[in-house]
Amino acid sequence: MNLLGLGLSSYDLALLLVCPIGAVIGGFAQAIVQTIDLSGPPRNESDMRWASPELEKLRGAWLCLRLILGAILGVVIGLYFVGAIKENPATIAKITALSILAGYAAPKIWGAQERIVAAKINSIVGAEVDDLKVATKDQDSS
5 MNLLGLGLSS YDLALLLVCP IGAVIGGFAQ AIVQTIDLSG PPRNESDMRW
55 ASPELEKLRG AWLCLRLILG AILGVVIGLY FVGAIKENPA TIAKITALSI
105 LAGYAAPKIW GAQERIVAAK INSIVGAEVD DLKVATKDQD SS
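Be aware that the sequence shown starts at 5, since it is given in the working numbering, and climbs by one per residue.
No lab work stands behind these hints: they were computed from the structure.
The beta carbon of each residue, even a glycine, is placed where N, CA and C say it ideally should be.
Any given hint might turn out to be false.
[Unchecked claim] In silico DSS-like pairs for lysine-lysine, Cα to Cα no more than 30 Å straight-line:
#	residue 1	residue 2
1	124	112
2	112	98
3	61	112
[To be verified] So the derived label-pair ranges between C-beta atoms look like this:
#	residue 1	residue 2	range
4	55	88	28 to 34 Å
5	65	121	40 to 46 Å
6	54	111	24 to 30 Å
7	101	124	27 to 33 Å
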């Protein structure tokens, strides 16, 4: 199958559909882990806490944004593997599992990526500022 002449195979399209879904599933699993007490179920009624309607809306917005963040990361993973995989079901399954794990860790992955990009920008800008200082000193001494 050749989608619009782009050379995308059916496996490539499957990656672009399945990876975001897998990442959303991983994001949902991570949201559950953050919500529940992993040490065990509530043992009596006083263990349960009910949220106000306003807090429920905020939690719903947080969950939607969390799942969207995972889906975006899933698209990135799918795009990374387009055209680069051996086209068989085992490979799709492995990449889908990777997208589920990435969706689970999406906030940490995006945070780490932000720090890496900021450090690179600072090193580039810092080098340019240092070059500018050297050039200015050279002009002043002339």
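Checked hints:
no., hint, in the structure
1, 124 with 112, "holds, 18 Å"
2, 112 with 98, "holds, 21 Å"
3, 61 with 112, "holds, 24 Å"
4, 55 with 88: 28 to 34 Å, "violated, 45 Å"
5, 65 with 121: 40 to 46 Å, "violated, 26 Å"
6, 54 with 111: 24 to 30 Å, "holds, 26 Å"
7, 101 with 124: 27 to 33 Å, "holds, 30 Å"
Consistency note: the structure conflicts with the earlier hints numbered 4 and 5.
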